[in-house]
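J.: Dock chain L against the given chain F, drawing on the hints supplied.
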Amino acid sequence: MTQAVSAKSSLNWQKFLQPLVIPALSIFTALIVGSLVIALTDLTVLEALKNFFTAPGAAFSASVKAIATAYGSLFEGSLGNPAQIIAALQSGESKALANAFYPIFDSLVTATPYIFAGLAVAVGFRCGLFNIGAEGQLYMGAIFSVWVGFTFKGLSPWVHIPFALLAGALGGALWAFVPAILKAKTGAHEVINTIMMNYIAFRLSEWLLSDKGPLKRPDSANPISPFIEKSAELPRFFPDPIRFHLGFFIALGVALFVYWFLFKTTLGFELRTVGANPNAAKYAGMSITRNLVIAMCLSGGLAGLAGANEVLGLNHNLALSFSSGYGFDSIALALLGKSHPLGVVLAALLFGTLRSGATRMQNVAKIPTDIISIIQALIIAFIAAPAIIRSLYRLKGAGEGEGTIFTRGWGK
Amino acid sequence: MTATTTVVSSKMLAERAHLTRNRAFGIAFIVIALAIYGLFANDVKPEQISTFGLNQGAVPAAERLPDWVIPSYGTTMLLAAASAAIGAYQLVRGFGRATSVMLGLVALFFIFAFLTWATRDQSINLAGMLKTMVSRAVPLSLGALSGILCERAGVVNIAIEGMMLSGAMVAALVGSVSHNLWIGLLAAMLISGLLAFVHAVLSIKYKVDQIISGTVINIFSAGITSFISSKFLQVYQELNTPGTFKAYPLPGLSKIPFLGGIFFDANIFVYGAYVLLVVVHIGLFYTRWGLRVRAVGEHPQAADTLGINVFRTRYINVVLGGLMAGFAGAYFTLGSVGRFDELMTAGRGYIGLAAMIFGKWTPFGAAGASLIFGFAESLQGKLAILKVPIPSQFLLMAPYVATMIALAGLIGRATPPAADGQPYEKQ
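If you read the protein sequences in the order shown, they are chains F and L. Our numbering numbers the first residue of the first sequence as 1 and each following residue consecutively. Our numbering numbers the first residue of the second sequence as 1 and each following residue consecutively.
If you're looking for bench data, these hints aren't it; they were derived computationally from the structure. All C-beta atoms, glycine included, are put in the ideal place defined by N, C-alpha and C. Not one of these hints is a red herring.
If you anchor each label on the Cβ, the simulated ranges turn out as follows:
id : chain 1 : residue 1 : chain 2 : residue 2 : range
1  : F       : 153       : L       : 34        : 38 to 44 Å
2  : L       : 23        : F       : 219       : 49 to 55 Å
3  : F       : 96        : L       : 385       : 57 to 63 Å
4  : L       : 67        : F       : 319       : 44 to 50 Å
5  : L       : 311       : F       : 81        : 48 to 54 Å
6  : L       : 111       : F       : 185       : 22 to 28 Å
7  : L       : 111       : F       : 241       : 52 to 58 Å
8  : F       : 279       : L       : 394       : 37 to 43 Å
In silico negatives: residues of chain L with every beta carbon more than 10 Å from chain F:
id : residue
9  : 131
10 : 190
11 : 268
12 : 364
Bound conformation, chain F alone (with noise of 0.2 Å):
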């Protein structure tokens, strides 16, 4: 095992590259995939296609059209308009800086929660756990987190904000540990009972905020709760429209963090085996139930930082619904990643882009923001089946086992 790693670690370029190539043809075909659905839910490409064998180029120059305003408008809500920038950069001004390099912080802004919700289900894919609840998981860092920023008054923020996120690690953590416990003592499939944990926790941050509960800001007829003390935000480096914030850095280090965890501690190796290999686990004398809590905890952990920096570094409030499916889509991303660290934080910064750039197509192009949810199914299904990327690109070689990850069944 020993040997294998230090095998990996003496890398060439071919090497680095290869891992590379399916996951950029997979978001390659997703993005054309995507590409129909758009032209063919356009009601002039449909107008248009009804009178196709007549005129066949009225559809495809409207297909064109349809589809160039759509990622068009993904780009520039995404990265920003280089024109705008260039003009921007020659002019120096501060206000025309500011917009235009609004779309491109505000990527990363989005990101960051991608980051740690990624982060978390990659950690549960390495010990075979598949923690669909990371949605749940960073509601309840959420409201741990922004309980401790309004509660507690007069600290200094080198107190507070730790505080705070530790406080959203613990919600996390809390909310993973009753499936990984019932994984581990009865066998009960983590991917029902984190979807059921989810949905409880749905419903307990709509009591928390409700009327009578004790989160509700009193003095407001809105579902939400107080704001966070200054002492806890998360200090931003720009003045006003951009929203660009510490969490990113603080989001870079746990990737570091965890991939020091799992690739260079004892801990880390045990919990890559269960996952690996149970039953080789098992005779080494790991124990299978604690590795498979420990990685559920930390996993929500992570899930509920992601909450935390939502709440503590964006909102400064918790509000009804406050997470647009970070924890949803984090799946497609740690898979992107192939459960590595580098990987998850590449892939987030990408569906950081993709979510973000996706609300300006929503204005511009009135595409519906759930076109993401459609590529990202796709960049998954891909993933997991690189056979058929390899026969539509006619690709060679077709490594053993490759992006193929196993968890396990019913009660097994």
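T.: Only chain L this time, still in chain F's reference frame:
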């Protein structure tokens, strides 16, 4: 030598586990008895009464059943005492195989005591509640049947949720456009069958992890249905008004007092569920086809050796499961509200899967479990009316919590088909 000691010690361990299990159940029963006493019996005054209505819908005056009126205090005390007695017997002697039946009985006592307490000095329509239970259980048991068809052939299908959601959306859309509910229903089944075929290709041909493949379909369905809903269904209301199948009282059967109104005055989804339950049960356990399916799910190598085409069996069963899930999905739009709302299945597919596991992969077991979940849903609707001092959000959690408890295998350990979830590799 070592072999015998391990055998002996494992036997002893099993016995000890059995004993602790017995004791744990006994204590649980006693705790429930105490809960009935403390929470309910203790809280009602001796003179209070609970009234349960036994008529469902518009019943002619001559056939009306009188309301069922019981003393609240006496009833709750009796239920507490009965639970305590069962618990005591369990601790001293143990019910053995009947333990799970007793657990069901005590749970029923608890629920009934709760209802009695909640309706003290008020009245509740018991028949209406049970009718809601039946209709709520329909999509769950159809979902469970879909799961049974797939898993008995060895393919785990967590995509039932996504297939139901797509089925619900397509049923509403096609039903509205064609102005024909039957065409909408057919389209729902076809689209879910198609999704099931994708699941089959991914998990049988490409040997993708079946949980991942199912998740793909769930995420895809959530995305595409919400996409089409916000782009078309919400903008053009005429695309989202399919109407619903009307209830059709079965002649004769619907006249049975109390039960007739609950079970035999419903729309085609309820009757369809009855028929499919029987068909799948007989098909799986009394036909050559069923034997083959189960062989493929338990020991595909052996089945293959005997000349059964493992791949074809799995493909067929997964697609059949998809058609079933489409039927279940159409219930949400054509059988219930007559309109598609985003993510309207709200996890029912997963609850159906839990019902399947709860019912030990048998159609009737799963249907029984679905009725329990259906009851939890109908309860939550009624309690909001009774003004029980429990926040409605907690009542809404009930089906999910019940699912988790069921999955934890409180009622016996459920054994899935041996080859469930494993891709088959032809030798």
